[in-house]
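Enquirer: Start from chain G and add chain W according to the hints.
There are 2 protein chains.
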Amino acid sequence: MGKRKYVGLKQEFIDAKEKVTGQANYLDDLSFPGMLYGKILRSPHPHAQIKAINISQALKLPGVKGVITADDCPSNYFGLEIADVTMLAKDKVRYVGDEVAAVAATSEEIAQAALSLIKVDYEVLRPVTNVEESVALGALLVHEDKIGNVAKTYHFERGNVDEDFVRCDYVFEEKFSTSRVSACYMEPFGAIARWEHDGRLTIWTGLQAVFHGRNEIAKALGISPALINIKEPFIGGGFGGKIWIRNFHPIVAVLAKKTGCPVKIVLTREEEMLTTRPRVAPKMRLKLGMMQDGTMVAKQAEILADNGAYTWAASKILLNMSMRTDCLYRFKSTRTDAKLVYTNLIPTSGFRGYGNSQMHFALESMIDICCRKIGLDPVQVRLKNASRQGDTTLHGWKLRSCGLAECIEKAAQAIKVNRLPAEAQNGRIKRGIGLACMNHVSGNRGGDNFDGSSAMVRFHEDGKLMVYSGEADLGQGCKTVFAQIAAETMGMPVDHIFVMPLDTDISPFCYGTYSSRVTTVGGRAVQLAVQKVKDQLLQLAAKKMGVDSGRLEINDDVVYNRMDPGHKYSLAEICKYGIRTREAAELTAYITYDPPTQGNDSTGYGDYSSAYTYGAHGVEVEVDTVTGQVRVLRIVTAHDVGAVINPQGVFGQISGGVAQGIGWTLYENQIQKNGIPQNASLRNYILMTIKDMPKIEPILVETNDPVGPFGAKGIGEPTLIPTAPAIANAIQDAVGIRIHDLPITAEKMFWALQNHVKEGEK
Amino acid sequence: MGKRKYVGLKQEFIDAKEKVTGQANYLDDLSFPGMLYGKILRSPHPHAQIKAINISQALKLPGVKGVITADDCPSNYFGLEIADVTMLAKDKVRYVGDEVAAVAATSEEIAQAALSLIKVDYEVLRPVTNVEESVALGALLVHEDKIGNVAKTYHFERGNVDEDFVRCDYVFEEKFSTSRVSACYMEPFGAIARWEHDGRLTIWTGLQAVFHGRNEIAKALGISPALINIKEPFIGGGFGGKIWIRNFHPIVAVLAKKTGCPVKIVLTREEEMLTTRPRVAPKMRLKLGMMQDGTMVAKQAEILADNGAYTWAASKILLNMSMRTDCLYRFKSTRTDAKLVYTNLIPTSGFRGYGNSQMHFALESMIDICCRKIGLDPVQVRLKNASRQGDTTLHGWKLRSCGLAECIEKAAQAIKVNRLPAEAQNGRIKRGIGLACMNHVSGNRGGDNFDGSSAMVRFHEDGKLMVYSGEADLGQGCKTVFAQIAAETMGMPVDHIFVMPLDTDISPFCYGTYSSRVTTVGGRAVQLAVQKVKDQLLQLAAKKMGVDSGRLEINDDVVYNRMDPGHKYSLAEICKYGIRTREAAELTAYITYDPPTQGNDSTGYGDYSSAYTYGAHGVEVEVDTVTGQVRVLRIVTAHDVGAVINPQGVFGQISGGVAQGIGWTLYENQIQKNGIPQNASLRNYILMTIKDMPKIEPILVETNDPVGPFGAKGIGEPTLIPTAPAIANAIQDAVGIRIHDLPITAEKMFWALQNHVKEGEK
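Protein chains in written order, with numbering that gives the first Met the number 0: chain G, 0 to 761; chain W, 0 to 761.
Next comes chain G alone, as it looks inside the complex (with noise of 0.2 Å):
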């Protein structure tokens, strides 16, 4: 393998410039002939009878075009594991933000008005507000087919829990919660619908996994998913929150079948407040049980989380949460029990971390905590437990490349260098450090059994490339990561390579945008394609040449004899002379990809992942001992990234996920009083600003996984998990206060800090 020229080295996004000038077109920038507006009429109550709907003074109103309710609906249930959720209510609403009704109109603010006039007759009921009423003996039902509240249930175990607390030094125990936070992405999300005068269903929208998407969207119209073509514009951010459909999803396209017209709903943002499923919040009791020589042996959590009003994605996230932190170090034995309950709030679902932030959360804070009551180095001992390559953990994942230990050391080091000193202003400001260790997945051999991705590319007649994936860019960059990828393997420029749009007619079949999979099984498939159309045009300039095909070489778009570098034709030569002649070359390639993982048996043992990500966080903060307010002062960012395909990507998954993190740490949270949302608006619904922002220290350890293309492994998820008990260790490093429950506010801090010196004062 010679030099790169493409891959690792300093690439623009291929799209930026369309982006910064404002040219690229997002959802809300299409617009078709004779289309309407569609706005949703949402329940004001967290849990309630529908007793009636009158719709005729809406209807009445000039401007309105259609008006529907769950009566003109196909009343499918659809979702994901758990089908629970209809695309309007029927008989009952059950947070607030459920679905009742919709209107399409000429425009959105007539669209709005008519919303006002449709006239619902509610029973009020009382809402089951929090996991612990939930489930406490007699509770309300949330789905009346659902007994106990309960959505679903694990049990995992790994050796003998019980046996091995009994012979460790030390066990502990400590309770940890986290909080519901919204993704709170750039660009609300959104569709439009447009029936074809073929009788199929043209859904223009952003979502992360077109596929799942498209299967979703036909089993809520009760349709055969090849009558639906999604179409995607740019996207503006998802982490998560754009995985899955949302009911405006078939709500678009019944009320564009209702009216004959296309039609568009963009959400607000307020809507997206109430509506777009925030992190899976749980309440996590951990056990862990130690030997004196700082060997961490056993394991045992207790899970009860909270899954709103209906099942999207939060029982797979439970699944994570239950599971993932178990292979970060060589623990002996583990055991978790988690419950998903339902109330009558937001449904949970997927944002970045997908469940392991929570658990990572618990257990990174817990090591320090454990550390410094038998008076480890928390930094050592993560080392000695540290998983490496070559392991197979305690859940059966393979790790064929590891870069912890390295990230650990790495981490360590660098948050010390330069470190201010511990206090500042006669001891107010309070200084400290902290680290935190990561793990996770890139790719997710789940539910179905493949993981893998598809990728056509094709040569056109003049050189240029054609690449065409199934795998959604939402702004973090694959378009140009495959692009570069592309360029490497073939020996052309980047700017020859046109990645085509996302469009279920025409993109080849993928799983799409999570699990931090895109560069590594994307980028594989798209990797194996190239280069099985780099087979066919070799073989073809070695008949034009006379040389054999092993002799060649392409750099730079030209292929030559490898022992007579005059001897040369451009791609285009070599494309023209292939594709207009007797040749018939198709100069086409088409692969489906999947990765040699095995994937889970019943008892979630298995090597489920393509690759696997290791990372550590080091962080310094100030603690201001009056307000109890945090501030983040510096962040070493460790990670084991395979390799680095595109630098600036990196660093901006990097900057993204600590951004992410710090605000889901000390800032974000979603409060709720009665079931009623107290703040879905961006006025009190605090997000971290740029003032906020840390300096980043990053450094990438490149392990060059033999999975990945080019060796690279997922980043995307990865720079978030750590963030937040990296903070709180930093924060008992500066005030010796420990706080178990995000968010980390101010406020809280105040009074922990207040506690704090009264419990000293004792």
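Watch out, some of these pointers could steer you wrong.
A pair holds if it fits inside one copy or across any two, identical chains being indistinguishable in the list.
[Said to hold, decoys possible] Only pairs whose alpha carbons sit at most 25 Å apart, straight line, appear in this in silico DSS-like list of lysine-lysine:
1. K218 - K91
2. K257 - K16
3. K118 - K9
4. K282 - K672
5. K145 - K397
6. K16 - K747
7. K18 - K256
8. K174 - K747
9. K575 - K230
10. K89 - K575
11. K256 - K282
12. K2 - K286
13. K256 - K16
14. K218 - K151
15. K575 - K218
16. K18 - K257
17. K218 - K89
18. K690 - K747
19. K409 - K9
20. K282 - K91
Calculated directly from the structure, the hints in this document are not laboratory data.
Expert: Chain W only, in chain G's frame:
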């Protein structure tokens, strides 16, 4: 092979409902936000120097967003074989209709008004208005660099013509000519251009050959073809007139670039009459040598053909005119000298038959003339000389199938049955019958050494099949034919198959709809691609069912074990099993098919079409000896179609070819006076109407060609070709008058009848 279920059976066109309900979107139905309307200023002079163009007043008209002249356009010459045209005239205009300037405005009306505000200062030159003037010594030059006004010449010779003529019992010589006629498709041609934010150009247009078109537009604009994406809406007919781009294609792209908006140009009917390249109009001198027994020995032709002002396909058409009829019969020797010359008239180009029809008129008229002179039965002479299956013709065609003799016999037989009395109304009406033969191609290994087609097929996870082809459906029904071929090959119903719209970014590379090649070559590619994906599917099914794939059959969407028909799965089940599992099935196949032909050598010798079609039309006419009016009463159309895929489609092609053939023979003619068109309007350009349609008696001969899919050959052009000479022969049979020059108008017949009477009186 079992009984066929889809191929050869009645099948409604899959897009019939959309079309007859007016829902299908043709180009002019499309609209995009911010779209402007383009109009082209055309030369009113057949030949003039442009001294100056002043656009300042046009630019001031409110609503005008851009005005372009040659100065705003890339100055590349483009065209097929001979690049002699620029998108807007530079210094000189060369025919009435030549493009001088273009406007984009917010409405068609404003754009039209703006044209009249553009002031062009012309210095009028004397025009060259016919081929004789063009080749006369000292003729004015249409293009300064084209000496003698010659665009192209051909000389072909096989055997020893001169020697053979000496040995023949009879040698006759006659002159023939055919006229300029317009394709007159229902939907005027046009295009919408939009420059995308990534710098690529999207063009919506109904081209017959999109990949050729993409290259030509790229050449005109001076950009790489892969930067252009051509998308096809529904198309309302082409007949050869939409194979190649027009000047408006690059013009609309330049207007869109200049204004930064999408721009639409749709030609008016008058613009169509002025600029749609008409059928090449030749003067033909034909010499035929026969033996007493009717053996046709030698043929010699001289052709002087009118190219018009610029060269489009006329040079290729001249080639067909020069050669094809030589392969209709078993001539011993043949020689053709052909010359294509410039005039200041509309550039001529392709129209159903593509040159072959013109020489058929000459030769098939000539045979009847000769037979009458010698006293032979022209039907028997044709039968005696007919080319037959297994022949290699004078020009090297290999006749893998040929049903000519059967067509002659059946047509001759059928036209005699039920014929009306030879006279009516006391001799005022005279009736006669005539017959003429034809041959044609199903494909054309012409310019490039490729004559293939590509197809991609893909199963979706619900078992529905998508078919992608780059061949265009102009209304002739190839989408339906492809769906039937796919259905038959796979064993699934037509309505589970989606034939996707044509889009150069997606559709596989194909040559397009011309040379009657789409069913044969395009259909074969579809058949092979479906067979390939079927093999993938059967392998999967074999695995799932634990049965050798050789035992499996597919019928009506179900895969079953031939030995145990109860053991079965639906295609949907097999696809689901393959796609979302460890099988990682691609279920996608791409194929490029090039028929097993060799192409021509430098002398034009060689087997260059996938298949060759033969046929014969028998016609019964009546002539009103007072008015000269000719009426076609009945037409028997016997065609060797290889095999029928869609019976209705074949009959549609027959009806259309007959109608256009009668129009060409009796009515249509583009008249000019000093280079100025006199009937550029459907008011005075006489098309035949439904009232002129004769009763059609179709006879389909199935020779099961070994190359075509299920044995099928092309039927698009053949149905027009023998119509004109058959009518001319029937006229001679009715009234003893031979017309050598098309069209055979009532006026022409009137004078001929007058002269005939006078000659009779002498």
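Enquirer: Give a verdict on every hint.
Expert: Here's how the hints hold up against the structure:
no. : hint        : in the structure
1   : K218 - K91  : within (21 Å within a copy, 64 Å between copies)
2   : K257 - K16  : between (39 Å within a copy, 20 Å between copies)
3   : K118 - K9   : neither (58 Å within a copy, 53 Å between copies)
4   : K282 - K672 : within (19 Å within a copy, 93 Å between copies)
5   : K145 - K397 : neither (38 Å within a copy, 75 Å between copies)
6   : K16 - K747  : neither (44 Å within a copy, 67 Å between copies)
7   : K18 - K256  : between (33 Å within a copy, 20 Å between copies)
8   : K174 - K747 : within (16 Å within a copy, 105 Å between copies)
9   : K575 - K230 : between (31 Å within a copy, 22 Å between copies)
10  : K89 - K575  : neither (60 Å within a copy, 32 Å between copies)
11  : K256 - K282 : neither (44 Å within a copy, 59 Å between copies)
12  : K2 - K286   : neither (50 Å within a copy, 71 Å between copies)
13  : K256 - K16  : between (37 Å within a copy, 18 Å between copies)
14  : K218 - K151 : within (22 Å within a copy, 63 Å between copies)
15  : K575 - K218 : between (45 Å within a copy, 15 Å between copies)
16  : K18 - K257  : between (35 Å within a copy, 22 Å between copies)
17  : K218 - K89  : within (17 Å within a copy, 60 Å between copies)
18  : K690 - K747 : within (21 Å within a copy, 91 Å between copies)
19  : K409 - K9   : within (24 Å within a copy, 74 Å between copies)
20  : K282 - K91  : neither (28 Å within a copy, 84 Å between copies)
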